[in-house]
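Could you build all of it, start to finish, from the sequences and the hints given here?
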Amino acid sequence: MKNHSYLQCFGDVELAVRSRGEGMPFVWGHSLMGSMRVEDRAGLLDWSDVEPYAEVVRYDARGHGNSDGSYNREDYQWERMAEDMLAIANCFAAPGNYKRYLLGGISMGAATALEAATQQPERVAGLVLVLPPTAWDTRPRQSAIYRRLAQVSGLLGAAPYRLLDLLPIPMREDGRSQLTMHTMKGLATANPLHVQAALGGAALSDMPAPDLLRQLQIPSLILAWEDDTAHPVSTAIALSETLPDVRGLVVCHPGDIGEWNAALVDFVRQIASKRIPQRRKRKVRA
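Just so you know, the working numbering puts 64 at position 66 of the sequence shown, and the rest follows in order with no gaps.
A hint or two may mislead.
Unchecked claim - In silico EDC-like links for lysine to aspartate or glutamate, alpha-carbon gap of 16 angstroms or less: (1) K272 <-> D38; (2) K183 <-> D38; (3) K97 <-> E120.
None of these hints come from the bench; they were simulated from the model. Computed from a predicted model, the values in this text were never measured in an experiment.
Have a look at this one:
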């Protein structure tokens, strides 16, 4: 089984990329201020279950983790981040002569994957959208929060996150707490100017318009959890009602996300093997 990890230039930026598995490329984007390392520590998904069915390609987005980035907030808008995701996907699809690939991500990564699908819909075989963020009517409030956080990062730098990393703060075991705390601790070593620019880019971003999403004839899986204002269930439900070919909607409690992995593996196996059943949608609440 292939297993590679390296830095590679894609256009104007050098990105940290990791790939493992065999088959159709499945390119995955992490959350805002996250990284591959943060996701590994949070442990929300078990990629080893997916790797027998697809080549899982993960990367640190520009200005995140071990990847390079600019200090220009426009470079961190989702439309621009989608170009990076597509460049990676096309790079990994070429050696195996794959005409299509899967795209997915969590939070910012989910929004990036959706934006990428609107840019090159003919290349996308499937979409996995985990914790889709605020969108449309709910976006302005979250954008205002990101603008304030960007200002704080510009004033204080990484000092608050370094202090947090040193404190023996007890961490709850639920997925939301794990993701939040590991993201915050990861910022202790981040470049504050990258953080400021990325937050500014997020404040400028929104999901593609619903009319555009209705044109995407792409099998999709949506995974969400309850009681998260930054990733409201309302966005997941709206997407499930807007995208034409949603194969599953799984909504659960942050402390009980085991259903996610099973749904993910089942979906990837179906798409990568091209055995796609008739549309079915399910909604699970813990």
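Against the structure, the hints come out as follows:
no.: 1; hint: K272 <-> D38; verdict: violated, 29 angstroms
no.: 2; hint: K183 <-> D38; verdict: holds, 13 angstroms
no.: 3; hint: K97 <-> E120; verdict: holds, 9 angstroms
The structure does not agree with numbered hint 1 stated previously, though it agrees with all others.
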